[in-house]
Amino acid sequence: MLRMASSFPEEVLEHVFSFIQSDTDRNAISMVCKSWYEIERWCRRRIFIGNCYAVSPRMVTGRFPEVRSIELKGKPHFADFNLVPDGWGGYVYPWISAMAKGYPWLEEIRLKRMVVTDESLELIAKSFKNFKVLVLSSCEGFSTDGLAAIAANCRNLRELDLRECDVDDLSGHWLSHFPDTYTSLVSLNISCLGSEVSISTLERLVGRCPNLRSLRLNRAVPIERLANLLRQAPQLAELGTGAYSAELRPDIFSNLAGALSGCKELKSLSGFWEAVPTYLPAVYSLCPGLTSLNLSYAAIQSPDLIKLLSQCPSLQRLWVLDYIEDVGLEALAASCTDLRELRVFPSDPFGAEPNVSLTELGLISVSAGCPKLHSVLYFCRQMSNAALTTIARNRPNFTCFRLCIIEPRTPDYLTLEPLDVGFGAIVEHCKDLRRLSVSGLLTDRAFEYIGTHAKKLEMLSLAFAGDSDLGLHHVLSGCENLKKLEIRDCPFGDKALLANAAKLETMRSLWMSSCMVSYGACKLLGRKMPRLNVEVIDERGPPDSRAESCPVEKLYIYRSISGPRFDMPDFVWTMDEDSALRLS
Amino acid sequence: MAKEGLGLEITELRLGLPGGDRERNEKKRVFSEINIGGGDVVVGEEEEEHSADRKRGTKNQVVGWPPVCSYRRKNSFNNNENEKEKVYVKVSMDGAPFLRKIDLSMHKGYSDLAMALENLFGCFGMGERLKDADSCEFAPIYEDKDGDWMLVGDVPWEMFVESCKRLRVMKKSEALGFGLEPTSFLLKGSLEIETK
Numbered sequence: 001m002l003r004m005a006s007s008f009p010e011e012v013l014e015h016v017f018s019f020i021q022s023d024t025d026r027n028a029i030s031m032v033c034k035s036w037y038e039i040e041r042w043c044r045r046r047i048f049i050g051n052c053y054a055v056s057p058r059m060v061t062g063r064f065p066e067v068r069s070i071e072l073k074g075k076p077h078f079a080d081f082n083l084v085p086d087g088w089g090g091y092v093y094p095w096i097s098a099m100a101k102g103y104p105w106l107e108e109i110r111l112k113r114m115v116v117t118d119e120s121l122e123l124i125a126k127s128f129k130n131f132k133v134l135v136l137s138s139c140e141g142f143s144t145d146g147l148a149a150i151a152a153n154c155r156n157l158r159e160l161d162l163r164e165c166d167v168d169d170l171s172g173h174w175l176s177h178f179p180d181t182y183t184s185l186v187s188l189n190i191s192c193l194g195s196e197v198s199i200s201t202l203e204r205l206v207g208r209c210p211n212l213r214s215l216r217l218n219r220a221v222p223i224e225r226l227a228n229l230l231r232q233a234p235q236l237a238e239l240g241t242g243a244y245s246a247e248l249r250p251d252i253f254s255n256l257a258g259a260l261s262g263c264k265e266l267k268s269l270s271g272f273w274e275a276v277p278t279y280l281p282a283v284y285s286l287c288p289g290l291t292s293l294n295l296s297y298a299a300i301q302s303p304d305l306i307k308l309l310s311q312c313p314s315l316q317r318l319w320v321l322d323y324i325e326d327v328g329l330e331a332l333a334a335s336c337t338d339l340r341e342l343r344v345f346p347s348d349p350f351g352a353e354p355n356v357s358l359t360e361l362g363l364i365s366v367s368a369g370c371p372k373l374h375s376v377l378y379f380c381r382q383m384s385n386a387a388l389t390t391i392a393r394n395r396p397n398f399t400c401f402r403l404c405i406i407e408p409r410t411p412d413y414l415t416l417e418p419l420d421v422g423f424g425a426i427v428e429h430c431k432d433l434r435r436l437s438v439s440g441l442l443t444d445r446a447f448e449y450i451g452t453h454a455k456k457l458e459m460l461s462l463a464f465a466g467d468s469d470l471g472l473h474h475v476l477s478g479c480e481n482l483k484k485l486e487i488r489d490c491p492f493g494d495k496a497l498l499a500n501a502a503k504l505e506t507m508r509s510l511w512m513s514s515c516m517v518s519y520g521a522c523k524l525l526g527r528k529m530p531r532l533n534v535e536v537i538d539e540r541g542p543p544d545s546r547a548e549s550c551p552v553e554k555l556y557i558y559r560s561i562s563g564p565r566f567d568m569p570d571f572v573w574t575m576d577e578d579s580a581l582r583l584s
Numbered sequence: 001m002a003k004e005g006l007g008l009e010i011t012e013l014r015l016g017l018p019g020g021d022r023e024r025n026e027k028k029r030v031f032s033e034i035n036i037g038g039g040d041v042v043v044g045e046e047e048e049e050h051s052a053d054r055k056r057g058t059k060n061q062v063v064g065w066p067p068v069c070s071y072r073r074k075n076s077f078n079n080n081e082n083e084k085e086k087v088y089v090k091v092s093m094d095g096a097p098f099l100r101k102i103d104l105s106m107h108k109g110y111s112d113l114a115m116a117l118e119n120l121f122g123c124f125g126m127g128e129r130l131k132d133a134d135s136c137e138f139a140p141i142y143e144d145k146d147g148d149w150m151l152v153g154d155v156p157w158e159m160f161v162e163s164c165k166r167l168r169v170m171k172k173s174e175a176l177g178f179g180l181e182p183t184s185f186l187l188k189g190s191l192e193i194e195t196k
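The listed protein sequences derive, respectively, from chains E and B. The opening position of the first sequence corresponds to residue 1 in full-length UniProt numbering, with each subsequent residue numbered one higher. The opening position of the second sequence corresponds to residue 1 in full-length UniProt numbering, with each subsequent residue numbered one higher.
Note that these hints are calculated values from the structure, not bench results. All clues given are correct.
Far from chain E, some chain B residues (derived; all Cβ distances over 10 Å):
hint	residue
1	TYR88
2	LEU99
3	ARG168
Okay, the calculated beta carbon distance ranges per label pair:
hint	chain 1	residue 1	chain 2	residue 2	range
4	E	SER18	B	LYS101	54 to 62 Å
5	B	ASP94	E	ASP567	53 to 61 Å
6	B	ASN75	E	THR291	19 to 27 Å
7	E	GLY207	B	GLU174	31 to 39 Å
8	B	SER70	E	ARG46	26 to 34 Å
Note that the Cβ used here is the ideal one computed from N, Cα and C, for glycine as well.
Please model the entire structure based on the sequences and the hints provided.
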């Protein structure tokens with residue numbers, strides 16, 4: 001038997017492994033035996049690194065020499081809400097530099113919440129001859145000069161996708177750096193850029209790229225230029241409009257409606273900045289085939305939304321503002337029975353009083369009417385345990401449930417009780433729940449339910465919830481598959497954290513801000529757990545200028561095999577074995 | 001309890017029903033007064049803002065709450081933080097059958113404006129001809145607060161936005177003989193020139 005295993009040709013194994021794309025499976029394969037480890041590492045083409053500080057670039061290029069595609073994530077999720085101070089980290093340059101040497105044939109780079117400089121973009125542009133895909137989500141630190149370098153040098157570029165990035169937008173010129181000979185564009189997303197780009201340059205670019213399937217424009221592209229652009233690319237599957245408003249002029253309207261109807265493959269629409277209802281009917285011809293609609297930047301009221309949505313029977317994903325109201329969601333539930341994902345964003349998140357009639361009723365309607373609905377993000381101002389229980393019973397197939405009741409610590413509006421039972425129903429019925437965000441008034445009991453039932457839960461977000469360490473303990477000890485836990489403003493302290501220290505090594509990361517974890521506990525954790533980086537983030541100054549019992553402002557703990565990082569700003573300290581010596 | 005000995009006052013974390021003396025619609029103000037458990041900093045900083053805000057009468061905002069991502073906050077129309085005044089001015093172009101309007105506050109500088117003008121009147125043939133600066137036959141001028149017609153591009157951008165009342169894209173031929181040298185400084189913005 002042994003001889004058979006060792007004489008089995010590597011090429012055959014490699015061929016078999018090439019059908020295995022999932023990271024988990026690949027990791028499992030690599031642990032079977034040494035020869036499988038070796039074969040697997042030489043044929044792994046795609047790497048996903050959920051925390052760029054969990055491993056060093058050199059370790060990655062050393063173990064996997066033939067990677068073609070890499071995805072990296074940097075800052076913690078709460079950076080989206082300005083909770084991570086500027087300068088915390090997440091710099092991509094060391095990665096690009098290592099890959100420039102190790103992966104000359106790299107084709108794809110996908111980054112999320114990382115700091116990307118023009119220098120990095122220039123290095124990408126000149127290091128990878130076959131570079132095809134650049135996706136930057138929620139990144140910052142670069143300017144349109146860096147984009148110009150990409151445009152000018154990446155002859156085989158297929159995708160340039162800038163999602164919600166903070167770009168130093170010097171001008172729209174960079175677009176004209178795509179050479180006239182460049183024709184391989186498949187996907188372009190410039191929706192987050194502020195400056196005007198030359199529409200004629202854009203038209204020429206679009207016109208010469210026959211494989212263009214996805215085009216997401218920025219706000220500065222006026223609606224009257226859209227028709228012409230679309231005529232250059234009738235094969236588009238995905239369109240993000242620019243500003244979707246103008247005074248109603250019949251010629252513009254009919255031109256646009258005509259051009260849109262010519263795009264027979266168009267399935268996904270977004271953009272609609274400053275949209276006015278008068279131009280919405282221009283998309284009606286597309287509605288029967290639409291599967292994805294993002295109206296979350298459009299201040300369209302529910303009557304017009306209903307008119308639109310009632311014509312979209314194939315809709316699978318809808319992002320919309322709470323102008324849709326309960327009545328609109330009821331109509332959605334009736335018309336769009338194939339709906340899989342719904343996100344309802346607040347139009348006036350800082351207003352003290354509700355400005356729209358959107359309540360728990362809307363969510364109940366969709367949970368009842370849409371059997372395939374599995375992912376929800378819902379901002380509202382009132383909720384009840386009864387509603388949550390109904391929703392959970394209607395829709396046990398939720399995989400992602402994020403509810404944000406706008407006012408912290410809001411109780412059940414009918415009974416004035418905490419919403420423990422309601423969220424308990426969610427985790428009890430939705431056995432495949434992988435992501436959960438809770439809100440409203442919650443006691444430790446809610447966390448007991450979560451720890452008891454949410455066995456497949458991978459990511460949990462908590463804010464202004466719980467009574468004591470017991471709450472945190474329930475979660476850390478009960479949720480077996482927990483990978484990411486982010487907590488803000490909860491009364492959780494040292495006990496639960498120290499009691500569940502080993503759990504932290506099985507997770508990607510833990511974020512705690514405005515909680516009650518003391519500096520002493522952080523030091524202890526750092527000392528005891530060498531494979532964790534325990535970062536104290538505190539803008540008040542060095543933590544040892546205060547008492548050990550003093551709580552830290554923010555705490556970010558993550559497992560890492562590359563030890564503490566060295567690119568920290570002066571408000572971040574890593575607790576480790578040496579910290580006791582270094583800081584005292 | 002971990003709380004003890006930390007000297008923190010978690011006084012407002014009530015779990016039961018609100019006290020009998022408190023009405024439900026006071027809850028909104030209560031949030032702003034809550035000492036959010038934990039870090040001193042949140043309380044300390046928020047307190048100053050709270051008293052200032054109470055004077056102004058706006059709702060208090062805790063950092064990062066509600067959890068609307070910062071990109072969405074910056075870009076949603078209902079954005080209180082981004083209160084830029086819109087500056088709409090009429091734009092006429094010689095030969096065009098009707099005028100347009102443009103919001104100067106949406107643009108960052110002359111080069112951005114140039115691109116916008118090109119895009120606006122693109123269908124009237126400005127596009128290709130602008131590629132060659134010297135042969136460009138258009139010159140942008142504007143009427144300022146004093147009613148004088150000025151060549152665009154001489155003053156700093158902010159000053160221009162302040163004083164511009166209307167724009168006109170004029171044929172160069174009309175400007176000849178007036179000592180104007182429309183160097184198309186403005187229009188350079190739309191050209192493919194390396195500016196490094």
